Every structure is written in C-alpha cells, then in structure tokens.
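Participant: These are the residues of each chain, in order.
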Amino acid sequence: MTFITVLITLLALSVVTYLVSLINNKLGAYFTIVTSLVTLLLLFLLKNSIGQLASISLFTFKLTTVGWYFSMVMVVVYFTSAFLNPFWMKKMIYPAAYNLFYLVSLIGTIGMFFARDFITLFIFWETVVWTSTFIIQMGKSRKSSYVYYVVSAIGSMVTLFAMMLVYQVSGTLEISVAFNALTGQPVLALIVFFTFLLAGLSKIGIFPFHVWLPMAHGSAPHTFSPVLSGGLVKMGAFIAYISVSAFAAYEAFSSSFTIMGIPAPIYIIMVLGAISIVVGTVMAIRQDDAKKLLAYSSVANGGYILIGILLFDQLAFAGGMLHLVSHAIASATAFITIAIVAHRTGTTKMSKLGGMIHKMPITYTVYLIAIISMAGIPPMGGFVSKWLILQGLADHGLLFIAAAAFFGSIGSFMYVFRPLSAVFLGQLAPKHENVKEASIMMQIPMYLLTIATLLIGVFPKIILKVIAGIQAEAGIQEIVMVGNTIVVANGVLDTFRVFVVFGYGFLIALVIFILRRKSRRVTLMDTYTSAEFVHTPELLHYSSNFYAPFERLTKKPYPVLNLYEKVSIKIKEIGHMAESLFSSPKPAVTIFWIIIVFAIFFLGGVL
Amino acid sequence: MNNPVLLIIIPLLLAFVSVIIKKAGKWILLLGVLINTVLAFFITTGETIIGGFLPPAGINLVVTQFTLVGVILINSLMLLTIIMSIDLVGKYSVILLTALAGINGMLLTGDLFNLFIFMEITVIAAYILSAQAKKYHHTITYLIIGSVGSTFYLLGIILLYHLTGSLNMADVAAKLPLLTTKELLVPILLIFIGIGVEVKLLPVSGWVKGVYAHANRLIAPLFASIIAGTALFVFGKLFVSVLPLSDTLTMLILVMSVMTFVFGEFAAFKQKQVKEILLFSSIGQAGLITALFISGLVYAAVILIISNVVSKLIMFTIAGAFTEKYQTDNYHSLSGVFVHNKITGIAFTIAALSMTGIPLLIGFYAKLNILIGFFHAGNYVLPVIVLLMTIVEGAYIIKLLLALWAPGKEGQVSLESFAVEKKQLLSVKNTAICLIVALVLIVGGTLIDTTSKIVTNGQPLLGDESPYFIISQSKGGE
Amino acid sequence: MTVMNFVYGFIILLAAFIFQTTITGFNRKVTARIQKRYGPRWYQQFLDIFKALRKSSITHGWIFDFGVIMALGGIMATVIFIPVAGFEAFPNMDNVYIISYLLAIGMLGMAMSAAGSGNPWASIGVSRALTNMLAYDIPLMIVIFTLIFAFDTASVSEIAAMQQGMGILGWNAIRMPLGGIVAFIALFGMLGKKPFDSFIAPAEIASGPMVEYGGKHLGFMFILHELMTFIEVSLILNLFFGGGSSILVYAIKYAILYTLVNIISQVMPRYKIDQAVKFFYRVPLVFAIIQGLVVIFLGWGVSVWF
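If you're matching them up, the sequences are chains Y, F and U in order.
Oh and the first sequence: position 271 is 271 in the numbering used here, straight run, nothing missing.
Oh and the second sequence: position 68 is 1068 in the numbering used here, straight run, nothing missing.
Oh and the third sequence: position 160 is 2160 in the numbering used here, straight run, nothing missing.
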C-alpha cells in the first residue's frame, strides 16, 4: 500500500464526511470517528513500508520512523477526541465545516510529518493552521482565533523565509539534503537555525509565542481543545526535531561558543524552553478556567519536549520524544474530561463547579490518572519521560534548565491538583444535583487513553522501542532497555517494579483499612466548621483564589500579550498616519506630494 | 488568428451603436465584452501595423506573451464583472464599452502617445463611472489628480520625443540607452508619476479612498481589478522593457514602491470598513507589484497581479453587495453575514486567503515566486518585508473573515441567532460566478505547472530570466 | 523480583514504622523538656496511633477512603525503596527521582482525600502544603541534581556509599557545604517543622489537611506521617550525611539528625506560606545554585575534598 493511496483515501473519506454532515451532522460526526479510526489503522499498516518514497502533484513524501511516530500520536489524539464530536454538533454554528476541517487538519498533520521537501511541509503546515483557525472561531472567542492565526503566521512566515533561503543556497528543496549546503557558513547557519525553528516555537507555545495557547485552547470548541493541546502543539516538536536532525544543529555550530557542551544557539532556544516551563507553570497555577489552566500546562510541557528534543542525545531526546506521547495522551484526556464536565454543567470555570466526583466518578478517575501522568508521578507515562529528561539534564549538567524543569515539575503538582480539588472534589452545588455521568460514547475515549497512559507508565518499552528506532534513524545513540529496565549512564528505572511495589503498598494499606472498623457515611455538609453554621454548599467550597499566597507572590502579570497588542497598535497608528497623509480627499494634498516626489527624485537623480 | 485591433475597434463601434439603441445598451455591452473576451483568447503574439505606415513612424499594436496574459485576464474579468452586475449597468453601457476599448488599447499599443490617448479614454470613462456614487467631491478630486497625472505623462513623452525623435516603444527603447541618465531623468520621472496615479502608488493615490469606498458592486471591481490591473500591466511594460532606469532611480522607485506596500498594508490593518480594507490592501499590493517589476521579477509580478485582481474582483463584488443590501460595509455591523450566504462566504474566503498567500491558492504561488526571485537576485531585505507584510495582511484578513463568519460577542459561542438579519447577498448567478472564479484560484495554485505554462508559454516574460517555481523543482532528489 | 523482595520490603516497612515512631515519641519528650514540661512516655505515639485505629470513624464518600489508602500505599511503596545502610529490598530501585516522585503519589492521595472531605479548611491546608513544597523542593532538587552530575549516578545507596570511608569529611554536607545547608533547611520544610509548619498548622484547631480525620483515617494519617518522616530524613541522611555503614550507625545518625531538626524547630517562629516561598527562593535557592555552579564548573567537592 502506498502512502498516496492512504492520503487520497483519507481525503475522499473526509469529503464523504462533509457531504454526510450536510445532510445529518450528527451522523457526520460519527463519520469523523470512523475516518480517524481508518486513519489509525492505515497508518499502522504503513509501519511496514518505512522508507517508501512517494509523490503526487507538487508533494513529495518519505515515510520515516519519526514521521510515523508523530503521526501516530496525532491520530490517536484525533481519534479519541472524535468521540466527543457527536455531542457538540448542536453547539456548532457550522457543524459540517467543523467535521470537514477536523479531518482535513488531521490529514494536514500526517502529510506534514511525512513531507520530504520544504514546500510539502509548508503547505500541509499551513493547511493545519487555517483549518484549526476556522475551528477555533466556532468556540466562544473570535479574538483567540485571531491571535492564534497571527502568532502561527509569524512562525510560518519566518520559517518560510528560512526554507527559501536554504533553497537558494542549496538549490534543492529536499529537507534531508538541503541543509547540507550550510556547512562552513556559520552566519547563514545561525540565521537559518533561528528562523527555521520559529514556526516550531510558535506552535509548541514557547515563550514569547505562548500567548495563543491559553486563548485558543481555552476558548476553542471543547471537542477541539484536546486535539489542539494533545496534538497540534506537537507539530512544533517536529520542526525542532528537523532542526537537530536534518539541519544537524550540533555539527553546524560545533565551532561556536558552547555552554556545557551545548552550542550557544541551541542553548538559547533551550533557555526559552526553560522560561516557558516557568511561565507556563506560574500562569497555570493562577488560572480559574480549567481549560486555560490546562493550556498553560501545555506551554510548560512544551518546554520539556523542546528541551528534550534539542538535547539530541541518548537520554533526554528519548525523554522528550516520550514526553510528547505521554503529554499528548494525558493532556487530551484531561481536556476531554473537562469537556465532559462542561457538557454536563455548562461551564469550565472552576469556581463555579465542585463535587463532581459524586456525580461523575468515572470521569474523575480518568482525570486523576491523566493528571498523575501530567505531573510526572509514577507509575504513569509522564513519569518515565520526565525521569529521562531530568537524568539527561543531570548528565549534561545543565543547571539552570534543570532548575526550571524542577520548578515546572513541582509546580505541576499545584496546578493539576486545583481542578481535581475545585471541580471534582469538595462540595457539590445543589444546582448540579442532577448532573449525569458521561455517556458510554464519551467514556470510550477516556478508557482508551487511560489504558494508554498506564501502559506507557508501566511498560514504556512499547514506545521506547520506536524511539530507539528514531534515534537509529537520526544516527545517535539508542536508548537501552534490558527487559523492562531502562538503563542509562547515571541511573536505571524499572517502571514495572515501581508499579508492582506501589500495588503492594496499596494492598497492605487496603488490607489494614478493611480490617479496621467500617466507618459511618456522613454527608458532605456534615463537616467541622468551627462552630459556624453554614448551610450553603457553595460557601463551603474552597475553589477561587486557590493558591492565594502564591498568587500574591506573582501578582504582576507579565506583559507579553501587551507586547503584541502594542505592536498592533503601532501598526494601526502608522496606518492611520499613512492614511491621513496620503489619502486626503483634498486634491491639493496630492499635488503637494507630487511636487515632493518630483523634488526628491530630481535631487536623487541629479546627485 | 485575428487582428488584435478588433479588441479596440469592436467595443468602440458597439459604444456608438449603444448610443443609438439606448434601450438595448446593456445587451450590447454584454455582447461587446463577450466578443472581446472570445477574441482575446485567439490573438497571437506578434506586431500589427495600423494605418499602413511602418513603425517607428506608424502606429502599431504589439502583442507579447506579457500583453497576451494581460489582455486575456482583463477582458475575462471585465466579462465576469459585467455579467455579475448587468443589473447596475443602466446608462453606463457606452462608458463601459469605451473604457473597455481604452483598456485594451493601453495593453496592446506599442506607441507611447497612443498609450496616452487610450489612457485618457479609460480615465475619462473612469471619472464618469466614479460619479455613479454621487459623491462628486471625490470625483472632482479624482479628476484633478488624474488630469495632473495624465498631463505629467504627456509632458514626459513630449520630452522623450524631443530626445529620441520617436514615440514608438521599441524604437524608444532602442534609442534611450544612448542618452545620459540626466537627460532621461525628467521624462522618466514625469512618466512615472503619470502612471503612478493610476497604479495607485503612494503618495499620489489620494483619490483612491474616496472613489473606491463609495463604489457599488459594478464600479468597485471595475476599478480595483480591471483598471488597476491594466495600469499595472502598463507599468510593467514601460518600466521593464521601454524605459531604462539608472541605479539611483531604480532605488528611489523601489523605495517608493516598498513604502506604498508597507503603508498600504498598515493602513488596511487599521480599517473597519470592508471596502477600505480592500482598497488599502490594493494599494499595498500595487506597491509590491511595482517593486517586483522594478526588480525585474516579471513572472512573479504577473502571477501576483493575476492573484490579486481575481481576488479583488470577488471581494469587491461581495463588498459592494454588503453596502447594497445592508447599507454598510463596516464589518462589525456585518457580523455573521456569511451565516446566511455560505457559498458567497466561501468564495470570499477563498479569495481572501489567496490574497494572504495561503498554500494551494494562487496567492501562495505568487509569494513563493517572489521569494525565490528576490533571493535569486541576492536581495535579502525585500523577502523579509514581504513576509512581515504577509503577517499584517493575514492579520486583517483573518479578522475580517472571523467577523463575517462568526457572529456573537467575545466569550459567547457564536450562534446563528447573533448574526445580522438574513438577506441574500448575491443572486444565484453571481454566487455561482464568484465560486467558480474562486475555484480558479485554487486550480491555478494547485496545478502550478499548468499555470506557469499558460502564463509564460515557455518564453521568459519581457526578458525576465529569473527562476520561478515549478513542480519538478520540489522533486530535486528524484 | 522474588517473594523475598516483598518480605524484605515488609520488614523495612515495619522497622521504619517502629523506629520512626519511637524516635517521634522520644522527640515528644525532648520537645516537652524544651518547653519545661515533663512530656509523655516514649511509647505514647504508638498508643495514639493504635487508639485512633481502634476508634469509630466517619467518611465523606469513597474518595475520602480511597485517598487515604492511596496515600498510605504510595508512601509505603516509597519506604520500601529507601536504602538503609546499604540494604535494599528491591535492588537498583533507589533512584532519587523515583523516591521523590513516588512520595508525591502519597501526598496526592492525602490531598485528594482531604479535599474530598468537603471541608474548605482541608483544601486550604492542601493548597498551602503544595505551595510549601514548591518552595523547599526547588533548592533541594537543584542540590540533588548537582550530586547526580558530580557522581554520575542517581542511586541513593551509591551516593551514600561514596561518602563513606572518609569519616565526617566524606559527607556531602561537608564537601559541598552550601548544598548541605540547603538540604538541612529543606528538611525542615519537608517535615513541616517550624518555621515551615503553616500548612499543618498544629497550633490552629480548625485548619490544615487533617481537619476531617478521625478514627482509623486519623490512624492512617499518623502512620503516614511517621513513614513520610522516615523517607524524608533517610533521603537527606543518605544523600548528604553519608548514610550509614551499618544499621546501628544509620540509626544513631538518623536519630541525631531528626532530634536536631526537632530541637531547632522548637525555638523557631513560623513563616506565613508566602514568606516561606520568599525565604526559600532568596537564600537556599541562591545557595543551591552557587553550589551547583561550583561543582559543575570548578569540580570542587566531587572527587577530592582535601
């Protein structure tokens, strides 16, 4: 089976989905599930044809392990989120278009990951950008869609510049070859490195391009937020991968100034990653909207992924790549659970929720496992990847970056706990008394993703095998697994044992608990209130200003979005100036300008 | 095989006919444009002598591949505009036919003085058309500035005649290199300003806002794509193949073009009215196109003209429909207008996205060629400006699209009920045409090889040898 | 992984519990003497725990129970991984990151259970505890990071073993004095000792995560607290104070370290939680970074002390 067949099949299926959606949008939404499942299966079959070259019209593709890896992550996220689509059709202004764009953006990501030349890469990249822009506008904010598009456009335009520059220098558009022409031209290589990477940075939400994430993730349709955070953000990681593999940044800058063995340009980008971790964490802790909180956590986790991939070694690289998967899954799960809560209650504001666990215990459990993974606590997927990254950082001795990583990792305990406590635990508001658990259809993706998180956490081998393949493809040392144990230079990790021992501990505790006398069930309102008589559950629920002391410490909001707004205002001012100078309704003004131009040209021509 | 002079004669002839048969005016107009469009597809490159005298003494029409593209493009767009807005033609059929003759003359003529005459015909027609909006103040402004421009142009060619003894473009082009830069300065400058008024270069484009902003569904596309497109083709012809520019002059014109580009895009970014956004964007794009011509990137310029005028045709038609149906074209007051007019909206969106250079639309292909061309020429600054402006352009276009598609306040999920009241923007016929034209943008941007073959016919345009993108280039490795 | 590993694990668990509870009891007496009281008997802590376990209790729903079990389970698993004087129940599982992150699952369970009680005071306590953790853990982790970089291993027992054989001068706390100070201060934060005890708030009755617990839940929390203390003190002891070459040495050092922390904390005032964060980011963080830079760039304190 060729890749082109797959691509055309998917395109045909998405058109079918669109047509079906025009007639019955709910049925169309079910078609998105089917189509993404077909995509998943087809991609799985494609694993055997790694190395295949394909081309159609102006597109050329090459099936690589890394592309396969990325697209699998993407499709898994798309597939699982698609289960929510049928429930949101009524809330969309353009349901049919939503279904179409949903699938087209999926195809776009796949095409992009397998792109062999810059043009293909760029075209598919942009396809994803504008389809997702139009999906985001169907949510509750137009501004976020706008900001998303503009930040993406900044990234992609600058990257296009790099691509064309490389094309001019090398005469070829093929990604794997084109960068070779830069050897021996350090200045050019520097320009290309920073400009090429920019699309990736803007997509993965690295500081200062992270402004779009909370806005877009927070206000996108609830069904699309999991895709944005779990999937599309990871496209940026792919660009980062190209910049270290095909571009071979380490060789290109081998003669430049190094910091702990890391060439300065790469180090600068890693510092940006570290800043994103800190900014993302601090801001996530401050949010009241659960989706915005998760969006900021994506910023922070994007930093980990970027740092891991940029280190491009045996350890941290494997960590970065694994984190890509574990965060994709965890974040998609978390967004899906929040989406379901929003579906049932109509809000994502944590201060308006509470006690959901008593109504939706399954959703709660799924969210719990997702955040355990997101916070990097064993025995879930997120721990393994964070462990690899931290070990890798220690191996290199990158102190400041590690400090940010620690901050992000401890901070993540704080921000993942907040929705857990404010949304699911605590007092149940009376108005939510009739909230129902997620329907079976919604539960399917939650189960699938939870199993995936657990599997990665307990048997990371499944994924690390593929990562070793990527490392072999990229020509770096492969990650070593002995049985279930990950063996690296400065540590070993056997997650299966961790899991078993945790189970053992849990079992002991359970036995003791069961052996003791059964406790009496009391209501939630039956709590100790220091002799106050509170009868309103909402008043007994601690959810707003959850981390008030911490928020006091970080009172000043950082001015990055303001920066963009300032630039925008400046542009408007200049535009206004130009308009009032040159577009006057008085002909005399124009005549005046003609004279001025004449004078300037005359002088310029004579001199 | 036919005589290109027919393209000028037939509309003129029909113009007289329509003066006589006033009632059938619009059908005669349609007939004329239709004949012209059909004929445009059948003319071949070469030189046609008119009046029996041989050039340089006689008058001739020169059809190069460059002209051919222009003629076919402009006539087809004219046809589409007339078909779409035939209900608005009314008593303007004579004017429109005359304008058509003038436009074709401008594109085809090989003589500088004839160019002046045809330009005057076109511009006078344009003055009258601009009066349609009954904003006479703006018409007067246009009239004055336009006349000044024409006069400057005329002065310029008089000086050229004085210097070379000829007004035939080919002849002049051959003789000019013998002259010194200083001798050439004044005539070239005068010609530049004269053309610049019609091309809409800043700072001599003060008339544009007043005229475009009030034009209706017929007049707006006529100005924005047809007359502006023609002016750009003429600019290209003159400044690439006829008038030699000294380095300083090239630099100055380039700076002015780039200024137009930047200021135009910035001003568009600031606007709230759909038509004003589009008109300033037109100004900006015109600046970029002249910059391309001046830099010798004719192929990229032509693709950009095509992309731009086709997009503007759709967008101005729809923008005209906004004012027609809703009496406003402020996009805040039109929020969600496309909810009721999805197909119109799709056509508008495709056109807009093509303008911002979204891949697989012809605008992207244009941008690609611009970058390749500039890089090839060793120019690394202009690509940066082009890309930065693309961001600005993308920003205002996406803002516009979001407002038109998704009604509702910030923080609310957009619903159909928030949209403006339901009105049909365009008739079924017009919607279909807009959509088909929009599809042309997609096809042209996807089948790149075909596009380049149609545009160049295998020859370099106006001697432009700089590389451009074709599909086989992306497959360098195979 | 054989049955014996689990048996050893259980032994460690039991020993740790008995040992730490005894030390706690002893320290209650020490505290009392500082406050010029007589103080309870040394086994009072055992009595308290077993009494609590015997009493009837209330529950606020399944998460209230589940959280407690999960917390104790997680903490127990962590204790099993702690190497004591070179003895490990599960060899090669004493990676410092595993220990410090597995510890978190216990804390998460506890936090979950507390928030699940529906009492806002509990949630406030949790929010403070997590903020406190963000304060002390960053400097500590940076110092630990430095150790991993310096010794090229993340195994707690290996790091402990490397400090032995040179007497007190081999200790990381001496070789890397700033790091030692950071670790020692961080231990106060970890243990929730004054001046960093505002999240437990033992002085106020109606706040802190424990507010809703009673009966067996409270008993669980007591056990949990003892085991957590064991983990935290052991970690610092192994990493910075040379661990112990034999169980006896280990126990003595452990007791001294814990008692020292307790004594010092008794004469301390208390920080508000944001003051604690400020303090940790002002002094220990700077110390930790300086220590890290010294080790990474100068190599002092890594292979040779003298």
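These are calculated hints, taken from the structure and not from any lab test.
Mixed in with the good hints there might be a few duds.
If you anchor each label on the Cβ, the simulated ranges turn out as follows [to be verified]:
{"hint": "1", "chain 1": "F", "residue 1": "I1470", "chain 2": "Y", "residue 2": "A12", "range": "47 to 57 angstroms"}
{"hint": "2", "chain 1": "Y", "residue 1": "S170", "chain 2": "F", "residue 2": "T1328", "range": "15 to 25 angstroms"}
{"hint": "3", "chain 1": "U", "residue 1": "M2001", "chain 2": "Y", "residue 2": "T536", "range": "50 to 60 angstroms"}
{"hint": "4", "chain 1": "Y", "residue 1": "S170", "chain 2": "U", "residue 2": "M2001", "range": "30 to 40 angstroms"}
{"hint": "5", "chain 1": "Y", "residue 1": "V15", "chain 2": "F", "residue 2": "T1450", "range": "20 to 30 angstroms"}
{"hint": "6", "chain 1": "F", "residue 1": "Y1380", "chain 2": "Y", "residue 2": "I4", "range": "30 to 40 angstroms"}
{"hint": "7", "chain 1": "F", "residue 1": "L1178", "chain 2": "Y", "residue 2": "F602", "range": "34 to 44 angstroms"}
Remember, predicted model here, so these are calculated numbers, not experimental data.
C-beta: ideal position from N, C-alpha, C; glycine also.
Participant: Does each hint hold? Answer for all of them.
Facilitator: For each hint, the structure was consulted:
{"no.": "1", "hint": "I1470(F) - A12(Y): 47 to 57 angstroms", "result": "27 angstroms, violated"}
{"no.": "2", "hint": "S170(Y) - T1328(F): 15 to 25 angstroms", "result": "52 angstroms, violated"}
{"no.": "3", "hint": "M2001(U) - T536(Y): 50 to 60 angstroms", "result": "52 angstroms, holds"}
{"no.": "4", "hint": "S170(Y) - M2001(U): 30 to 40 angstroms", "result": "54 angstroms, violated"}
{"no.": "5", "hint": "V15(Y) - T1450(F): 20 to 30 angstroms", "result": "23 angstroms, holds"}
{"no.": "6", "hint": "Y1380(F) - I4(Y): 30 to 40 angstroms", "result": "36 angstroms, holds"}
{"no.": "7", "hint": "L1178(F) - F602(Y): 34 to 44 angstroms", "result": "22 angstroms, violated"}
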